[in-house]
Amino acid sequence: MQKALIYFLLGTVVSFLINYFLLSSESVGLEIYYAVAFGAAWGIAYYLDTPHFTLPKKLGLSFVAMGILVLIGTLIFSLELAIPSILKFSMVFVAYYLIASFRGSKSLRN
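To get the numbering used here, take the position in the sequence shown, counting from 1, and add 18.
Any given hint might turn out to be false.
To be verified - Calculated pairs, DSS-like style, for lysine-lysine (alpha carbon to alpha carbon, straight line, at most 27 angstroms):
hint, residue 1, residue 2
1, K124, K75
2, K76, K21
3, K76, K124
4, K21, K75
5, K21, K124
It should be emphasised that the hints constitute simulated quantities derived from the structure, not laboratory data.
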(Lines of atoms letter the chains of each structure in order from A and count residues from 1; the text may use other names and numbers.)
(Lines give C-alpha, C1' and ligand atoms only; values in the text may rest on other atoms or scores of the structure.)
Protein backbone atom coordinates (compact mmCIF):
# COMPACT_ATOMS: atom_id res chain seq x y z
CA MET A 1 0.00 0.00 0.00
CA GLN A 2 2.88 2.36 0.75
CA LYS A 3 4.41 1.83 -2.69
CA ALA A 4 1.02 2.44 -4.29
CA LEU A 5 0.85 5.78 -2.48
CA ILE A 6 4.36 6.59 -3.68
CA TYR A 7 3.33 5.76 -7.26
CA PHE A 8 0.29 8.01 -6.81
CA LEU A 9 2.31 10.93 -5.45
CA LEU A 10 5.11 10.62 -8.00
CA GLY A 11 2.67 10.24 -10.89
CA THR A 12 0.73 13.27 -9.72
CA VAL A 13 3.77 15.50 -9.24
CA VAL A 14 5.49 14.49 -12.48
CA SER A 15 2.29 14.86 -14.51
CA PHE A 16 1.57 18.27 -13.03
CA LEU A 17 5.09 19.56 -13.64
CA ILE A 18 5.13 18.36 -17.23
CA ASN A 19 1.69 19.78 -18.01
CA TYR A 20 2.28 23.05 -16.18
CA PHE A 21 5.69 23.88 -17.57
CA LEU A 22 5.51 22.34 -21.04
CA LEU A 23 1.86 22.64 -22.01
CA SER A 24 0.82 25.57 -19.78
CA SER A 25 -2.94 25.75 -19.62
CA GLU A 26 -5.06 28.60 -18.34
CA SER A 27 -6.36 26.76 -15.25
CA VAL A 28 -3.95 25.51 -12.61
CA GLY A 29 -6.83 23.83 -10.76
CA LEU A 30 -7.72 21.82 -13.84
CA GLU A 31 -4.08 20.80 -14.30
CA ILE A 32 -3.98 19.62 -10.68
CA TYR A 33 -7.16 17.61 -11.24
CA TYR A 34 -5.73 15.95 -14.37
CA ALA A 35 -2.45 15.26 -12.55
CA VAL A 36 -4.36 13.59 -9.70
CA ALA A 37 -6.18 11.41 -12.26
CA PHE A 38 -2.83 10.43 -13.79
CA GLY A 39 -1.28 9.68 -10.40
CA ALA A 40 -4.35 7.78 -9.24
CA ALA A 41 -4.12 5.55 -12.29
CA TRP A 42 -0.51 4.63 -11.53
CA GLY A 43 -1.23 4.09 -7.84
CA ILE A 44 -4.34 1.98 -8.38
CA ALA A 45 -2.75 -0.05 -11.16
CA TYR A 46 0.23 -0.83 -8.92
CA TYR A 47 -2.05 -1.67 -5.98
CA LEU A 48 -4.17 -4.03 -8.09
CA ASP A 49 -1.10 -5.69 -9.64
CA THR A 50 -1.29 -8.77 -7.45
CA PRO A 51 -2.69 -12.27 -7.92
CA HIS A 52 -5.14 -11.62 -5.05
CA PHE A 53 -7.31 -9.57 -7.41
CA THR A 54 -9.06 -11.33 -10.27
CA LEU A 55 -9.41 -9.61 -13.63
CA PRO A 56 -13.11 -8.77 -13.06
CA LYS A 57 -12.23 -7.19 -9.70
CA LYS A 58 -9.41 -5.18 -11.29
CA LEU A 59 -11.74 -3.93 -14.02
CA GLY A 60 -14.54 -3.22 -11.55
CA LEU A 61 -12.32 -1.24 -9.20
CA SER A 62 -10.83 0.74 -12.09
CA PHE A 63 -14.35 1.63 -13.30
CA VAL A 64 -15.30 2.70 -9.77
CA ALA A 65 -12.20 4.92 -9.64
CA MET A 66 -13.08 6.44 -13.03
CA GLY A 67 -16.63 7.07 -11.84
CA ILE A 68 -15.34 8.85 -8.74
CA LEU A 69 -13.02 10.97 -10.89
CA VAL A 70 -15.88 11.98 -13.17
CA LEU A 71 -18.14 12.76 -10.24
CA ILE A 72 -15.54 14.95 -8.55
CA GLY A 73 -14.60 16.62 -11.85
CA THR A 74 -18.24 17.31 -12.66
CA LEU A 75 -18.85 18.82 -9.24
CA ILE A 76 -15.77 21.04 -9.38
CA PHE A 77 -15.61 21.89 -13.08
CA SER A 78 -18.06 20.50 -15.64
CA LEU A 79 -18.72 17.20 -17.35
CA GLU A 80 -16.88 18.34 -20.48
CA LEU A 81 -13.75 19.05 -18.45
CA ALA A 82 -14.08 15.87 -16.36
CA ILE A 83 -14.12 13.49 -19.35
CA PRO A 84 -10.38 13.93 -20.20
CA SER A 85 -9.52 12.65 -16.71
CA ILE A 86 -11.09 9.31 -17.68
CA LEU A 87 -8.99 9.24 -20.84
CA LYS A 88 -5.80 9.93 -18.87
CA PHE A 89 -6.73 7.35 -16.23
CA SER A 90 -7.58 4.59 -18.68
CA MET A 91 -4.56 5.29 -20.87
CA VAL A 92 -2.18 4.96 -17.93
CA PHE A 93 -4.03 1.95 -16.52
CA VAL A 94 -3.82 0.10 -19.85
CA ALA A 95 -0.19 1.15 -20.36
CA TYR A 96 0.74 -0.23 -16.95
CA TYR A 97 -0.70 -3.65 -17.73
CA LEU A 98 0.66 -3.61 -21.28
CA ILE A 99 4.17 -3.05 -19.93
CA ALA A 100 3.58 -5.76 -17.32
CA SER A 101 2.44 -8.21 -20.00
CA PHE A 102 5.92 -8.18 -21.55
CA ARG A 103 7.47 -9.44 -18.32
CA GLY A 104 7.68 -13.13 -17.60
CA SER A 105 5.84 -12.75 -14.31
CA LYS A 106 3.13 -10.63 -15.98
CA SER A 107 3.54 -8.16 -13.11
CA LEU A 108 5.66 -5.08 -12.51
CA ARG A 109 5.81 -5.91 -8.82
CA ASN A 110 7.89 -9.06 -9.25
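Hint-by-hint comparison with the structure:
1. K124 x K75: holds (17 angstroms)
2. K76 x K21: Roughly 18 angstroms between the alpha carbons, so the hint for K76 and K21 holds.
3. K76 x K124: holds (14 angstroms)
4. K21 x K75: Measuring from Cα to Cα gives roughly 20 angstroms; hence the hint holds.
5. K21 x K124: holds (18 angstroms)
Of the hints listed earlier, there is not a single one the structure fails to meet.
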